[in-house]
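Trainee: Protein chains in written order, with numbering that gives the first Met the number 0: chain G, 0 to 311; chain A, 0 to 356.
There's no promise every hint is true.
Claimed, not checked - With a straight-line Cα cutoff of 25 Å, these simulated PhoX-like cross-link-like pairs (lysine-lysine) come out: (1) A:Lys335 with A:Lys309; (2) A:Lys211 with G:Lys184; (3) G:Lys141 with A:Lys348; (4) G:Lys145 with G:Lys211; (5) G:Lys184 with G:Lys239; (6) A:Lys309 with G:Lys33; (7) G:Lys300 with G:Lys211; (8) G:Lys145 with A:Lys348; (9) G:Lys239 with G:Lys145; (10) G:Lys141 with G:Lys33; (11) G:Lys300 with G:Lys276; (12) A:Lys291 with A:Lys15; (13) G:Lys186 with G:Lys33; (14) A:Lys24 with G:Lys37; (15) G:Lys211 with G:Lys250; (16) A:Lys283 with A:Lys15; (17) A:Lys309 with A:Lys52; (18) G:Lys37 with A:Lys291; (19) A:Lys152 with G:Lys145; (20) A:Lys76 with A:Lys155; (21) A:Lys245 with G:Lys37; (22) A:Lys15 with A:Lys52.
These aren't lab readings, by the way, just hints derived from the structure by calculation.
If you're wondering where the values come from, they're calculated on a predicted model, not measured in any experiment.
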Amino acid sequence: MAEELENDENVVILGEEVAEFNGSYKVTEGLLEKFGPKRIVDTPISEAGFIGMGVGASMLGVRPVMELMFWSFYSVAFDQILNNAANVRYMSGGLINCPIVIRGPANGGTNVGATHSHTPENVLASHPGVKVVVPSTAYDAKGLLKSAIRDNDPVMFLENTLLYGVKGEVPEEEYFIPLGLADVKRKGTDLTIVTYGRCVLHSLEVAEILEKEHDISAEVVDLRSIRPLDIDTVLASVAKTHRVLIVEEQKPFCSVATQVAYMIQSEAFDELDAPIKRLSTIDAPAIYSPPIEIEQLPNPKRILAAALEVMA
Amino acid sequence: MSKKSNPSTHSADTAKAAINKDLSKQEKHELLRTMMRIRRFEERSLRAYQGKKVGGFMHAYIGQEAVAVGCCSLMGKNDHAITTYRDHGHAIAVGMGMNEQMAELYGKATGCSKGKGGSMHFFAPNLNFWGGHGIVGGQVPLGTGLAYALKYKGLKGASMTFLGDGAVNQGAVHESYNLAALWQLPVVFVIENNGYSMGTSQERSSAGELSKRAEGYDMSWDTCDGHDVYAVREIMDKHLTLAREKCEPSVVEVRTYRYRGHSVADPDNTYRRKSDIEEYRKTKDPIQTFQKRLIDEGSITEDEATQIDKAARAEAETAAEFAEASPWPTVEDIQKDVYWEVDNPSERKSTGRIFFN
């Protein structure tokens, strides 16, 4: 973000606690000191107001990067994000753009209950006009966020509080990762695991177990971006392995996996040696109980069991 | 105690107000002409609707013309306007042509939004007009954002953010008031109070005085007679100046009246009497009263006024012909204007599939 603030004076960071508090999760730490209060702005707890304000400012050429303390709060700004940001270009016949980024964490697994554990990437992606990105590593997060900030369309950037503490190699120099480009995080020949976000880390762990204990070579495809969606990388992997497990931290009804499974069967039916399997969050509001929430979400144990089912 | 001034009332003779007293004859004619053009456009639109040329909803601005015309006549280079779904009047007042508006109503490719927006979603960013918004109160954060952008860029201008009396109870409006006051954004929230949020009267929907709610956010506020274009100009000039010069946001409630139902879907026979509407027409019509005033003061002749009106009718008729003759958008057009990147393929940086059918 600091690089993009330096690159373009129209980039401004707004959100709850992003400035003086240094960010609820310290994502914006040090930015206020470096760029000052005009560029790094604390907002009141007023998501509909400040997100809508950001959308309006973006129509006049400001490029707001807005933090939602939790993506779960998108519900109170729903009208501004999905009626205004997503639609205004269309309804104006292409006369107006909204170059806005809305970012923040969207995940379960932190025992904060149903109101704070939403993963709305499917809901967001079902609105043409917005782009949706879910990075899994620190390296990807930087390259994707830089692309998102330079994008002229509204980009929804969904992070994960449990990944904030995971360290990864991030080069000092500038680099961009285009939106809509999946990444094969592990090569394999027997099974394709299509996933994104924190489930990528779980899936990589499971791929190791599959290799060592079951002699199964799993390929892990990290979608990174939900819309646009790099289905070609998925299809290429399926053509190699002929078996697919899709892992997502989503409720199953009309989920990202549902869409990907549809596309695979539609475009690579003849390549499949087994039905596509998906592993989602267990279909209920997020449970609070700490040990049981782990079981509700995709975890290495559940992913392993699902992978073995696909291979059976 | 609020640090802001108490509301003022407009002058006894609004023609003598500073912003009005030096208007040239031509400028006065222009005010009358724009109001008449709105009236005739709306009447022609309603006829087109009745003739099944127009789909969906349509919310006529008839009766409220002095508000949009008074406000928008004050717009300078860095002033911006954004409004509700009852947007035809503002569109004409900022200078949009009747042809592209009528074509939009007809759903034609030559419409101002290429037939993709419809009646509630007119836009002209080149004229600093940002819509045309369908959700009650949903445009108010956007208008606040326009003001934020003006201040961020150091431009001396104001955002006129119009809303209806029904919108004042929406949370987004209050959140916008707070942000505007907290950050001293150059915005004037203009409540066009026509007395009814759809079919529910103000008394049955809103507690207290609408504009006075500004006090809770330490903003100054005013009310204004919306039938007198001079009064609108006088009060709005004061508030626009506050915004432009001091970055002070404020709320202005303009009391107006609509002659037609809330939309074409409202038969308008349940919540008010026909005689009430007739009374307004006879005594307060913004166009009739302004025309009479100009005739009385010798700024226009009866004949000149008739000529302006005739020209407005003819322009609306021509617009309907233009719309009728225009082509429809194509099925291929459905997926254009969704993403900037898709419409600018040579500059596309993302990859992957972006549409899913």
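Trainee: For each hint, tell me whether it holds in the structure or not.
Mentor: Outcome of the hint check:
no.: 1; hint: A:Lys335 with A:Lys309; in the structure: violated, 39 Å
no.: 2; hint: A:Lys211 with G:Lys184; in the structure: violated, 59 Å
no.: 3; hint: G:Lys141 with A:Lys348; in the structure: holds, 16 Å
no.: 4; hint: G:Lys145 with G:Lys211; in the structure: violated, 38 Å
no.: 5; hint: G:Lys184 with G:Lys239; in the structure: holds, 15 Å
no.: 6; hint: A:Lys309 with G:Lys33; in the structure: violated, 63 Å
no.: 7; hint: G:Lys300 with G:Lys211; in the structure: holds, 15 Å
no.: 8; hint: G:Lys145 with A:Lys348; in the structure: holds, 12 Å
no.: 9; hint: G:Lys239 with G:Lys145; in the structure: violated, 32 Å
no.: 10; hint: G:Lys141 with G:Lys33; in the structure: holds, 19 Å
no.: 11; hint: G:Lys300 with G:Lys276; in the structure: holds, 16 Å
no.: 12; hint: A:Lys291 with A:Lys15; in the structure: holds, 16 Å
no.: 13; hint: G:Lys186 with G:Lys33; in the structure: violated, 41 Å
no.: 14; hint: A:Lys24 with G:Lys37; in the structure: violated, 46 Å
no.: 15; hint: G:Lys211 with G:Lys250; in the structure: violated, 31 Å
no.: 16; hint: A:Lys283 with A:Lys15; in the structure: holds, 20 Å
no.: 17; hint: A:Lys309 with A:Lys52; in the structure: holds, 23 Å
no.: 18; hint: G:Lys37 with A:Lys291; in the structure: violated, 51 Å
no.: 19; hint: A:Lys152 with G:Lys145; in the structure: holds, 22 Å
no.: 20; hint: A:Lys76 with A:Lys155; in the structure: holds, 9 Å
no.: 21; hint: A:Lys245 with G:Lys37; in the structure: holds, 18 Å
no.: 22; hint: A:Lys15 with A:Lys52; in the structure: violated, 45 Å
This entry does not satisfy hints 1, 2, 4, 6, 9, 13, 14, 15, 18, 22, going by the numbered hints stated previously.
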